[in-house]
Each structure stands twice: as structure tokens, then as C-alpha cells.
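J.: Build out the structure end to end from the sequences listed, making use of the hints.
With our numbering applied, the sequence shown covers 36 to 114.
Just to be clear, a hint being listed does not mean it is correct.
[To be verified] Within a straight-line C-alpha distance of at most 27 angstroms, the following computed DSS-like cross-link-like pairs (lysine-lysine) qualify:
1. K40 x K68
2. K57 x K108
3. K57 x K68
4. K40 x K108
[Claimed, not checked] Quick list of simulated restraints, FRET-style, between CB atoms:
5. K40 x V92: 26 to 32 angstroms
6. D65 x E90: 27 to 33 angstroms
7. S53 x I74: 15 to 21 angstroms
8. K37 x D109: 27 to 33 angstroms
9. D41 x R97: 16 to 22 angstroms
10. T67 x S89: 28 to 34 angstroms
11. S100 x V39: 15 to 21 angstroms
12. D66 x D109: 28 to 34 angstroms
13. K40 x D64: 18 to 24 angstroms
14. D65 x D109: 28 to 34 angstroms
15. G102 x D66: 16 to 22 angstroms
16. K40 x D91: 17 to 23 angstroms
17. V92 x A52: 20 to 26 angstroms
18. P94 x E51: 28 to 34 angstroms
Derived from the structure by calculation, the hints contain no laboratory data. Beta carbons: idealized from backbone N, C-alpha and C, even for Gly.
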Amino acid sequence: MKIVKDLVGKEVVNTEASIIGKIADVEFDDDTKEIESLILKKGGLSETLNISKSEDVIPYDRIRSIGDKVLLKDSFSDV
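T.: Here it is, written out as C-alpha cells:
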């Protein structure tokens, strides 16, 4: 899906402009085909070496905007 290709790899930033991870995958509702959540991989050396198993799930309603980076809403600044 094109939207998945566009989102995977984007950095996710909290309200304090700290990068909290990168999008690894996108979950969709099978019936409505709407995005339900974004799966984040934590950044750092372990991700670079592809040994990181740490993931976070960000519900789509916690996203403020999507552009070059994905910005989170205030109430979800710490994942």
C-alpha cells in the first residue's frame, strides 16, 4: 500500500521536539481500511544494528499531524 510506504521510516516527534522513534509498520481496520495505529521502533544503536525488539503502538487519534515528521498531540508526548 502506498500510504504504508510513505509512512514507514518517518520519525515520530513529541511536543518537546524529541524524536521518540521511527514508524516500522501501520495497522489498519480491515472493514473500514482506516489507519488504527502506528507501530514505532525505538531509535538508537540497537536499531541501526537491527537488534532492537522494542516497539510502541501509537493510536492514530494521538497524531497531531503528518508531514516530514509525525507530530504527537500534547496528551501523548511520552510513549
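J.: Now tell me, hint by hint, if it's right for this structure.
T.: Hint-by-hint comparison with the structure:
For the given pair, K40 sits about 16 angstroms from K68 by alpha-carbon distance, which is consistent with the 27 angstroms threshold. For a cut-off of 27 angstroms, the pair hint linking K57 to K108 stands: about 16 angstroms separates their Cα positions. Proximity of K57 to K68 is assessed by CA-CA distance (about 22 angstroms); at most 27 angstroms being required, the pair is judged to hold. Restraint check for K40 and K108: the C-alpha separation of about 23 angstroms stays at or below 27 angstroms, so the hint holds.
One distance hint, 26 to 32 angstroms for the beta-carbon pair K40 and V92, is violated here, with the actual separation near 20 angstroms. The given range of 27 to 33 angstroms is broken by D65 and E90, whose C-beta atoms sit roughly 21 angstroms from each other. The hinted range of 15 to 21 angstroms is satisfied by S53 and I74, whose Cβ atoms lie roughly 19 angstroms apart. A hinted range of 27 to 33 angstroms for the beta carbons of K37 and D109 is consistent with their spacing of about 30 angstroms.
Checking the proposed 16 to 22 angstroms range against D41 and R97 shows it holds: the Cβ atoms sit about 19 angstroms from each other. Remark: the range hint 28 to 34 angstroms for T67 to S89 is upheld by a beta-carbon distance near 29 angstroms. A C-beta distance of roughly 18 angstroms is found between S100 and V39, which places it inside the suggested range of 15 to 21 angstroms. For D66 and D109, the Cβ-Cβ distance of about 30 angstroms falls inside the hinted range of 28 to 34 angstroms, so the restraint holds.
A C-beta distance of roughly 19 angstroms is found between K40 and D64, which places it inside the suggested range of 18 to 24 angstroms. Hint check: D65 to D109, Cβ distance near 31 angstroms, so the stated range 28 to 34 angstroms holds. In this structure, G102 and D66 break the distance hint of 16 to 22 angstroms, their C-beta atoms being roughly 28 angstroms apart. Between K40 and D91 the CB atoms are about 21 angstroms apart, so this pair conforms to the stated range of 17 to 23 angstroms.
One distance hint, 20 to 26 angstroms for the beta-carbon pair V92 and A52, holds here, with the actual separation near 22 angstroms. A C-beta distance of roughly 20 angstroms is found between P94 and E51, which places it outside the suggested range of 28 to 34 angstroms.
The structure is inconsistent with the numbered hints 5, 6, 15 and 18, although it conforms to all the rest.
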